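A.B. asks: Next come the chains, spelled out residue by residue.
Protein chains: 2
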Amino acid sequence: MPVFHKNSARVRDEERARLIWLLTTDKAITSALTGKLTLAEQYDEGRLADDIAEVGALVAHLPAPDLADTLEALPSEERHALWGLVDNDKRGKVLHEASESVWDDLIEGMSDKALIDALEGLDIDEKIYLVQHLPRNLTGRLLTTLPPGERARVRQVMNYQQDSVGAIMEFEVITIRPAVTLGAVQRYLRRLGKMPENTDKLFVTDRNQVLVGELSLQTILLHPASRLVSDMMDSAPVTFHPQEDPEKVARTFERDNLLSAGVVDDAGKLLGRLTIDEIVDVVYEETDNDIRQMSGLSNEEDVFAPIGKAVKTRWAWLAVNLCTAFIASRVIDGFEDTIAKLVALASLMPIVAGIGGNTGNQTITMIVRALALQHIQPGNFSFLILREMGVALINGLVWGGIMGLVTWGLYHDPALGAVMMLAMVLNLLVASLMGVLIPMVMLRLGRDPAVGSSVLITAITDTGGFFIFLGLATLFLI
Amino acid sequence: MPVFHKNSARVRDEERARLIWLLTTDKAITSALTGKLTLAEQYDEGRLADDIAEVGALVAHLPAPDLADTLEALPSEERHALWGLVDNDKRGKVLHEASESVWDDLIEGMSDKALIDALEGLDIDEKIYLVQHLPRNLTGRLLTTLPPGERARVRQVMNYQQDSVGAIMEFEVITIRPAVTLGAVQRYLRRLGKMPENTDKLFVTDRNQVLVGELSLQTILLHPASRLVSDMMDSAPVTFHPQEDPEKVARTFERDNLLSAGVVDDAGKLLGRLTIDEIVDVVYEETDNDIRQMSGLSNEEDVFAPIGKAVKTRWAWLAVNLCTAFIASRVIDGFEDTIAKLVALASLMPIVAGIGGNTGNQTITMIVRALALQHIQPGNFSFLILREMGVALINGLVWGGIMGLVTWGLYHDPALGAVMMLAMVLNLLVASLMGVLIPMVMLRLGRDPAVGSSVLITAITDTGGFFIFLGLATLFLI
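Chains as they are written, first to last, in our numbering: chain X, 1361 to 1838; chain F, 1361 to 1838.
Everything labelled a hint here was simulated from the structure, so no lab data went into it.
Remember, predicted model here, so these are calculated numbers, not experimental data.
Heads up, a few of these hints could be off.
The list treats identical chains as interchangeable, and a pair is accepted whether it falls inside one copy or across any two copies.
[To be verified] Restricting the straight-line Cα-Cα distance to at most 16 Å, the calculated cross-link-like pairs of lysine to aspartate or glutamate (EDC-like) are: (1) 1669 with 1437; (2) 1672 with 1773; (3) 1608 with 1641; (4) 1608 with 1373; (5) 1396 with 1437.
Isolated chain X (complex conformation) (with noise of 0.2 Å):
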């Protein structure tokens, strides 16, 4: 095992996992920090005041993003009396970091008040994104606690809907005139003392703040101080407008490693900046929100909601998916004679209807893929669905031949065999189609095409599957 440094993060992680464990293992410190038991009975429990100053040193030590990721691994009882040690000024920073999924139980029993000062220590922009998203409607509240200059600034910002560029861009900037002198910047940043987090350049902006270039950190280190700034900057910056989709932002940022970008507005006046950590949040949940659509999940399910919740935030898919079962159960019913004539059919459906969901869901797992990766354009549409139906059909002949063959064998029926395998290139070539077709359309319906997507193909696949079998049965083998 290799040694780790001693201020490796994997010490963290070991702080985390220590600090999950203490909490779920021993019930008993988790009701005695929520006052759910006595002092008497505390005092019975030997190692339990060993293990409660144990969970306070971690809390205390643990820094803010830590707290926030133990608190999202943690069932709701838990994170409670877990939430009650965390220090008030490291609140809000919590609260910052945390997944939108557990800010509910966390602010349950805390007044207004108690959150407008919760979020004192924090940047401009981290206010407005909280009051922006928490469950609870702060706006009034964290305006008067302004100065008045900036809330004409915050009210612009909360214009933007929420998944635009313009709801994640963060509005503190630096911004320098292209005529001065490198040296003459290097001394406006001593006497401004710092920077905003992650800044990697300055903004160049001229006298109505229309950006006119950028200037990095480095080249203002790396070269004299007599250089003029609108000789050194990149006067051909990478921008983003407010209005576009933070998801196509973020391949941009990853196509050409950018650290931070300028938003501007159609006149390219500078309205703020994009920075990459904002990004990296936007990759983890984009990434996250289609995994779980596509499965039909919820962008809230959070694995340690208690069950009302779960049960609620998935009946919708559940009930979606009845009815497509219902359906697909009524075709097989208008077939009841054919099956009673043959029972072997019944044992055989399901293999027709199977192989289809899963070609299906590869098929539109890789469209939807594409399409985020915005690999697909009208061009190449065609190609796309000539090539799928083509992996299926010479997919259905060797695997619908094989299971053919083994249908004979077994049923001693050679036609039986045939409808097996005729049925099987059928349905993977409706699941390869669909495959594609499905989130094209979504995405032409202006939808998002992952939501639901699986789901949704399973039921064709298996509706399909059904019918063509049956159906080629009665027509052939009745």
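Dock chain F against chain X, hints included.
C.D. replies: Same frame as chain X, but now just chain F:
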């Protein structure tokens, strides 16, 4: 519609789309570019010359990362045609930015020498990455082009496992000594004249190359030149070990909002650094792989790969799926007599199996994600199982109850309705139990819990659903 800044990434998005559209809608362009059309034939086509000129202009104008993306969005033949137009000195960069799924296609027609030449313009870290990952062994050839001093370093990096921090770290770093002033550091930087890409901090080491702290560029710019590095540096930086798992490191980067971090060995000696742009790639790849693997797609599958290759990469999971479907079919076959006596069972059984598959997939998706986020620890394991089974029990009673009533109504048979409900409750319990257990057991066995988990859970809920439903029917109805 918003108007976009002239340097918006949106303009390049449009250029990429145009390039793809040109190549995929007019086959003649590809034929002309790959020399399959004679000059005489080319003259016959009116706009062909214009289109080819436009393609050439776009290729010359688009930067390497955009060309890489475009190549990934083209079928094989068009990919070759476009690759032929890419300048030799851009090719290395394009290869480095392209994903591994297209490398095969691109380097197919290139000699080893041409490939090594194409890598010429890349920095040493990029060269090593490509030489290690390209599907052709170029290590020997690359080593001979390097100065002897660098060969040892390259050999060392190549010893790290492909999926470790050591393999993705860069070893171009700037190190400084603690006992100098910020002014001296700045003079040193000006003398160097350049920094490695994405440098946001310098590493402070002692004479044995042991990392003692980090100095951010911001600190140099914000503080007086007379200050000592040792007073201004961060002396407890987050560091990583070359054998750590990049996916876990990515979580730490996200948690701590890091832009770069040092990689140190057991003795604390600085080996290199990780940068956020590598980490963003890791995040995209990780989540992409998770999504693909859950439905049994290979990592190398490429939406535009030729049919033959797609058939080859998918056949294994199809075979697995066919086997599991066959087993489910044999379970049904065992109840042939039961079905013959009550044909309604044949149309109802897919509902029991389907609803189980849906719930199982939702559970397994949540668990796989929670494992990736390190939210599951030994302590909260039993809570998870109980919670998922609780959700399943409630859903089973509610939806099973509804389905039982519907069945009763349809077939005028209350006993059949009761069997339906009981089977749904039991299969949902099996689905949720297995949805938690499968990924946990796979992890315990040291395997990736995402790989094929969806195929596996569906197999269990299908077979289990058929067995439970038909078994109960045999016991109580026949």
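A.B. asks: For every hint, state whether the structure bears it out.
C.D. replies: How the hints compare with the structure:
no.	hint	result
1	1669 with 1437	within (14 Å within a copy, 52 Å between copies)
2	1672 with 1773	neither (49 Å within a copy, 31 Å between copies)
3	1608 with 1641	both (13 Å within a copy, 15 Å between copies)
4	1608 with 1373	between (32 Å within a copy, 10 Å between copies)
5	1396 with 1437	within (12 Å within a copy, 71 Å between copies)
Taken one by one, the earlier hints fail for this structure only at number 2.
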